[in-house]
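A.B. asks: Each chain, letter by letter, is given below.
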Amino acid sequence: MTDKRVNDFVLKIGTVNGTGSASANTLLLKALFRMGIPVTGKNLFPSNIQGLPTWYEIRANHQGYMSRSLRVDVMVAMNAQTYQRDLEEVSPGGFLIYDSTWPRERQMNRDAITVLGVPLAKLCNENFSDARIRILMKNIAYVGALAALLNIDTRVLRTLLEEAFANKPKLVESNLKAINLGFNYAIENFTCPLPVRAETMGDNKDYVLMDGNAAAGLGCVYAGATVGAWYPITPSTSLMDSFDFYCDMFRKNAESGEKNYCIVQAEDELAAAGMVLGANWTGARAFTPTSGPGISLMSELIGFAYYTEIPAVFFNVQRVGPSTGMPTRTQQCDIMLCAYASHGDTMHPLLLPANPKECFEMAVTSFDLADRLQTPVFVLSDLDIGMNDWMIPELKWDDNYRPDRGKVLSSDDVEKLEKFYRYLDVDGDGIAARTLPGENAKGAYFVRGSGHNKHGFYTESSSEYKELVDRLLIKWKTARTLVPKPVVKRAQEKTSIGIIAYGSSDGAVLEALDNLAARGIHADYMRVRAFPFDDDVTGFVEDHETVFVVEQNRDAQLRTLLILETNTDARKLVPVLHYNGMPIPSECVVKGLCEHLCVEDLA
Amino acid sequence: MTFIAKPRIDLPGHRTNDIGLYRRDYEGVLSTLCAGCGHDSITAAIVQAFWELSIPPEKVVKLSGIGCSSKTPAYFLSGAHGFNSVHGRMPSVATGAMAGNRDLVCIGVSGDGDSLSIGFGQFGHAVRRNVNMLYIIENNGVYGLTKGQFSASADKGSRSKKGSINQWKNIDSVQTAISMGGSFAARSFSGDREQLVTLIKAGIKHPGCAILDVVSPCVTFNNHLGSTKSYTYTRDHYHPAAHTDFIPPAGEIRATYAEGESIVVELHDGSKLLLKKADSGYDATNRSGVLRYLEQQRARGEVVTGLLFINAELPDMHRIYGTSATPMKDLEFDQLNPGSEALAKLQGRMR
Numbered sequence: 001m002t003d004k005r006v007n008d009f010v011l012k013i014g015t016v017n018g019t020g021s022a023s024a025n026t027l028l029l030k031a032l033f034r035m036g037i038p039v040t041g042k043n044l045f046p047s048n049i050q051g052l053p054t055w056y057e058i059r060a061n062h063q064g065y066m067s068r069s070l071r072v073d074v075m076v077a078m079n080a081q082t083y084q085r086d087l088e089e090v091s092p093g094g095f096l097i098y099d100s101t102w103p104r105e106r107q108m109n110r111d112a113i114t115v116l117g118v119p120l121a122k123l124c125n126e127n128f129s130d131a132r133i134r135i136l137m138k139n140i141a142y143v144g145a146l147a148a149l150l151n152i153d154t155r156v157l158r159t160l161l162e163e164a165f166a167n168k169p170k171l172v173e174s175n176l177k178a179i180n181l182g183f184n185y186a187i188e189n190f191t192c193p194l195p196v197r198a199e200t201m202g203d204n205k206d207y208v209l210m211d212g213n214a215a216a217g218l219g220c221v222y223a224g225a226t227v228g229a230w231y232p233i234t235p236s237t238s239l240m241d242s243f244d245f246y247c248d249m250f251r252k253n254a255e256s257g258e259k260n261y262c263i264v265q266a267e268d269e270l271a272a273a274g275m276v277l278g279a280n281w282t283g284a285r286a287f288t289p290t291s292g293p294g295i296s297l298m299s300e301l302i303g304f305a306y307y308t309e310i311p312a313v314f315f316n317v318q319r320v321g322p323s324t325g326m327p328t329r330t331q332q333c334d335i336m337l338c339a340y341a342s343h344g345d346t347m348h349p350l351l352l353p354a355n356p357k358e359c360f361e362m363a364v365t366s367f368d369l370a371d372r373l374q375t376p377v378f379v380l381s382d383l384d385i386g387m388n389d390w391m392i393p394e395l396k397w398d399d400n401y402r403p404d405r406g407k408v409l410s411s412d413d414v415e416k417l418e419k420f421y422r423y424l425d426v427d428g429d430g431i432a433a434r435t436l437p438g439e440n441a442k443g444a445y446f447v448r449g450s451g452h453n454k455h456g457f458y459t460e461s462s463s464e465y466k467e468l469v470d471r472l473l474i475k476w477k478t479a480r481t482l483v484p485k486p487v488v489k490r491a492q493e494k495t496s497i498g499i500i501a502y503g504s505s506d507g508a509v510l511e512a513l514d515n516l517a518a519r520g521i522h523a524d525y526m527r528v529r530a531f532p533f534d535d536d537v538t539g540f541v542e543d544h545e546t547v548f549v550v551e552q553n554r555d556a557q558l559r560t561l562l563i564l565e566t567n568t569d570a571r572k573l574v575p576v577l578h579y580n581g582m583p584i585p586s587e588c589v590v591k592g593l594c595e596h597l598c599v600e601d602l603a
Numbered sequence: 001m002t003f004i005a006k007p008r009i010d011l012p013g014h015r016t017n018d019i020g021l022y023r024r025d026y027e028g029v030l031s032t033l034c035a036g037c038g039h040d041s042i043t044a045a046i047v048q049a050f051w052e053l054s055i056p057p058e059k060v061v062k063l064s065g066i067g068c069s070s071k072t073p074a075y076f077l078s079g080a081h082g083f084n085s086v087h088g089r090m091p092s093v094a095t096g097a098m099a100g101n102r103d104l105v106c107i108g109v110s111g112d113g114d115s116l117s118i119g120f121g122q123f124g125h126a127v128r129r130n131v132n133m134l135y136i137i138e139n140n141g142v143y144g145l146t147k148g149q150f151s152a153s154a155d156k157g158s159r160s161k162k163g164s165i166n167q168w169k170n171i172d173s174v175q176t177a178i179s180m181g182g183s184f185a186a187r188s189f190s191g192d193r194e195q196l197v198t199l200i201k202a203g204i205k206h207p208g209c210a211i212l213d214v215v216s217p218c219v220t221f222n223n224h225l226g227s228t229k230s231y232t233y234t235r236d237h238y239h240p241a242a243h244t245d246f247i248p249p250a251g252e253i254r255a256t257y258a259e260g261e262s263i264v265v266e267l268h269d270g271s272k273l274l275l276k277k278a279d280s281g282y283d284a285t286n287r288s289g290v291l292r293y294l295e296q297q298r299a300r301g302e303v304v305t306g307l308l309f310i311n312a313e314l315p316d317m318h319r320i321y322g323t324s325a326t327p328m329k330d331l332e333f334d335q336l337n338p339g340s341e342a343l344a345k346l347q348g349r350m351r
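Top to bottom, those sequences are chains H and Z. Residues 1 to 603 (the working numbering) are what the first sequence spells out, left to right. Residues 1 to 351 (the working numbering) are what the second sequence spells out, left to right.
Please keep in mind that the hints were generated in silico from the structure rather than gathered at the bench. Values in this document were obtained by computation on a predicted structure and should not be read as measured data. Beta carbons: idealized from backbone N, C-alpha and C, even for Gly. Check the hints yourself; a few may be wrong.
Said to hold, decoys possible - Label pairs and their computed distance ranges (CB to CB):
hint	chain 1	residue 1	chain 2	residue 2	range
1	H	V487	Z	E341	23 to 31 angstroms
2	H	N48	Z	R128	26 to 34 angstroms
3	H	V487	Z	R128	43 to 51 angstroms
4	Z	E295	H	D130	49 to 57 angstroms
5	Z	A342	H	K485	56 to 64 angstroms
6	Z	G281	H	I49	45 to 53 angstroms
7	Z	A299	H	Q81	57 to 65 angstroms
8	H	D536	Z	S179	54 to 62 angstroms
9	Z	E341	H	D130	40 to 48 angstroms
10	H	S296	Z	L30	49 to 57 angstroms
11	H	E464	Z	I9	50 to 58 angstroms
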């Protein structure tokens with residue numbers, strides 16, 4: 001008999017790409033959310049538009065664990081292509097629901113799990129006439145069956161449908177009809193609810209459901225970015241879609257239709273980077289969203305911006321590499337690439353958001369840092385954060401916020417100077433003042449990627465060259481003081497074990513910490529949120545005998561960066577790696593620590 | 001690109017333009033190109049044109065890529081912000097600059113290597129977007145800085161200084177720009193100052209992407225017998241298809257041409273271009289006719305010059321996008337930031 005699992009389960013739905021299951025899955029996610037249960041929804045999708053298998057995985061967890069779990073408590077198998085695989089994936093004691101219009105009693109059979117057949121196609125064919133509607137309603141009908149089986153509040157479902165189709169009441173009726181078909185069939189044929197079930201535990205009113213790309217695009221709007229240049233690439237595309245959507249909502253003149261933003265779809269990533277540089281040079285806040293292959297292409301101009309000190313914001317929504325890799329799978333594989341992108345001596349500040357909330361906040365921070373430091377700044381998100389549905393605290397905005405545009409001299413400022421020199425470090429922080437084109441001839445200067453001296457003139461002089469690149473190191477030190485600080489979670493007991501992680505590995509580590517503590521393994525946890533690392537990072541490594549570095553790539557890139565940039569003893573840093581393209585589960589962290597510490601893994 | 005301050009020479013009789021600036025106020029630092037380089041003549045023509053148009057230097061941005069031609073923005077308009085970008089990427093930087101501040105007067109200087117090989121895509125897309133800029137291609141058919149390899153604009157059959165014969169068909173920037181739907185395409189010769197100054201002025205005032213290809217002989221690597229980009233060859237095959245007069249907004253058309261022999265194109269700021277038909281029937285506003293004519297002349301090895309195609313009505317990038325008249329960089333933060341209430345409201349839909 002299955003253990004009772006209340007508000008602690010994974011529901012996975014396997015469908016065919018392009019059959020319209022997204023709205024059904026969103027309906028399920030939102031219903032659980034509104035019942036006050038912490039939820040996350042992850043799209044595990046192929047690089048394909050139509051026809052290949054795709055899954056949506058909802059984790060409901062009353063403790064608020066957000067990472068991917070390796071369990072599957074309830075599988076909805078809607079795709080005959082993957083029946084066998086879906087059947088195997090269900091955890092012992094779990095349930096599999098499939099469309100029994102075409103019974104497969106022999107095939108759908110496995111010990112220790114319960115198979116429930118719901119004739120979804122038959123029910124829909126009998127009750128809906130249009131062929132396309134039948135396919136769509138089949139999805140809604142499984143929502144109905146799940147409502148009965150998992151005890152999902154049907155009043156919440158009704159409200160959600162009424163909100164979604166506020167202008168199309170007929171659709172509310174047809175959707176409710178489909179829900180009832182599934183619901184009633186389940187009630188009549190099975191013992192409902194299952195031991196795996198939901199129960200209302202609040203209303204999550206201080207939270208919202210959002211994906212990281214939507215949040216980052218919104219952050220660009222709030223940061224006052226006006227120019228977005230981009231070349232479409234998975235999984236970053238929806239970031240620019242979001243910027244476009246919110247600009248259309250907030251930045252259009254109601255009367256004239258004039259736009260207070262300019263989005264240029266470039267011919268390639270090189271051009272996108274060039275446009276970002278050009279726009280920032282004139283004083284507009286400009287950015288580009290891309291993914292690993294895009295950064296490879298942009299690298300020449302990234303180095304140019306570093307050396308000529310032009311602010312620029314690059315969002316890298318990481319996907320699996322190398323090369324084209326697996327475009328619809330997630331990884332944290334570009335941290336080294338971005339830290340030192342381009343030829344010659346180059347280093348770039350990186351911001352490392354761990355969830356959509358930080359995507360929003362760090363989008364704003366990235367523009368302030370780029371302007372302040374006059375250099376390219378990267379926001380390193382990934383597919384898991386960018387394209388999946390996360391439950392996050394409602395975003396807040398401080399209306400007193402004003403952008404930090406850094407050292408920009410106005411025409412009047414320039415007039416007061418005897419002479420303006422572009423690269424003169426007056427303040428000793430490594431940052432020289434710039435002027436904007438179009439304002440004052442006295443402030444004119446020449447941007448060049450070739451050798452230049454502190455006055456902004458061409459040079460091939462060894463000493464002048466060295467003076468300038470050494471000053472960029474002073475700026476790098478300044479950057480260290482400006483980037484977001486790491487977040488530390490201390491263990492309940494004093495410990496010599498530390499864990500360092502970043503970005504989307506956060507959820508897995510947080511869950512693993514509880515699991516490990518229950519086994520008597522206590523670890524302090526530092527989540528780094530930026531590069532360059534500040535002294536706290538070095539201090540954390542020094543304070544622990546063993547530091548596990550958890551990340552989602554093969555080569556332990558964050559660990560390498562820590563070794564390079566903190567002068568730490570490499571032997572102290574133990575890699576815990578996950579790089580199969582799926583979001584990291586907490587089990588990986590638990591296993592990594594247990595194996596190293598020679599503790600029997602009870603998981 | 002060594003920085004050598006140009007001596008300031010005040011000659012008696014020098015006069016100021018409408019905004020009180022002398023011609024030398026439009027100059028830059030001393031050129032480090034080879035003596036006799038066609039590019040220096042183009043630089044001089046740019047100085048002349050900007051001075052005659054009385055454009056405040058600080059309103060101008062001058063951009064370039066990499067190559068001999070791309071060094072030249074340092075040699076004119078020292079009061080303008082300059083941007084010597086990376087190889088072949090000037091058009092994207094210019095596009096971004098104009099996206100950020102549409103009020104700038106933008107001149108991009110490129111070469112045949114920079115625009116027709118490494119930067120061919122960006123050249124095409126600047127034309128396609130009709131970015132409001134003057135885009136000069138200083139065309140010498142060779143890579144000068146790397147000592148004389150053929151470029152993509154070298155004619156098939158032309159001979160290099162080392163003696164090899166070019167086997168590849170050339171890419172013609174003017175024909176390419178027109179076939180890509182460009183709004184302005186012209187060709188000139190660095191040795192024809194009068195025509196060049198007029199075409200530069202027309203290109204600056206044209207409200208879109210003005211492609212101006214200037215045959216500009218490389219005296220060091222491509223000025224020998226057998227080269228089709230030498231001074232001698234260009235002079236021998238020089239063929240103005242249309243004479244153009246530039247008339248500023250308040251100016252009057254003084255030249256008189258017989259009925260049917262000229263076309264007047266009015267630009268948005270009120271200035272006019274008077275195109276005289278040198279070859280009977282040549283009409284620079286008829287796209288298919290122009291392409292047919294250029295192809296005929298190309299087969300004959302003629303260097304056809306003049307304002308070869310114009311459509312001043314094609315909308316530029318900002319008109320297509322519907323961007324605000326206020327430059328992006330001048331928008332106030334309050335105009336850009338929706339505020340906390342809006343944020344709370346929109347999140348109401350995310351539950």
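A.B. asks: Which of the stated hints cannot be reconciled with the structure, identified by number in ascending sequence?
C.D. replies: 5, 10 and 11
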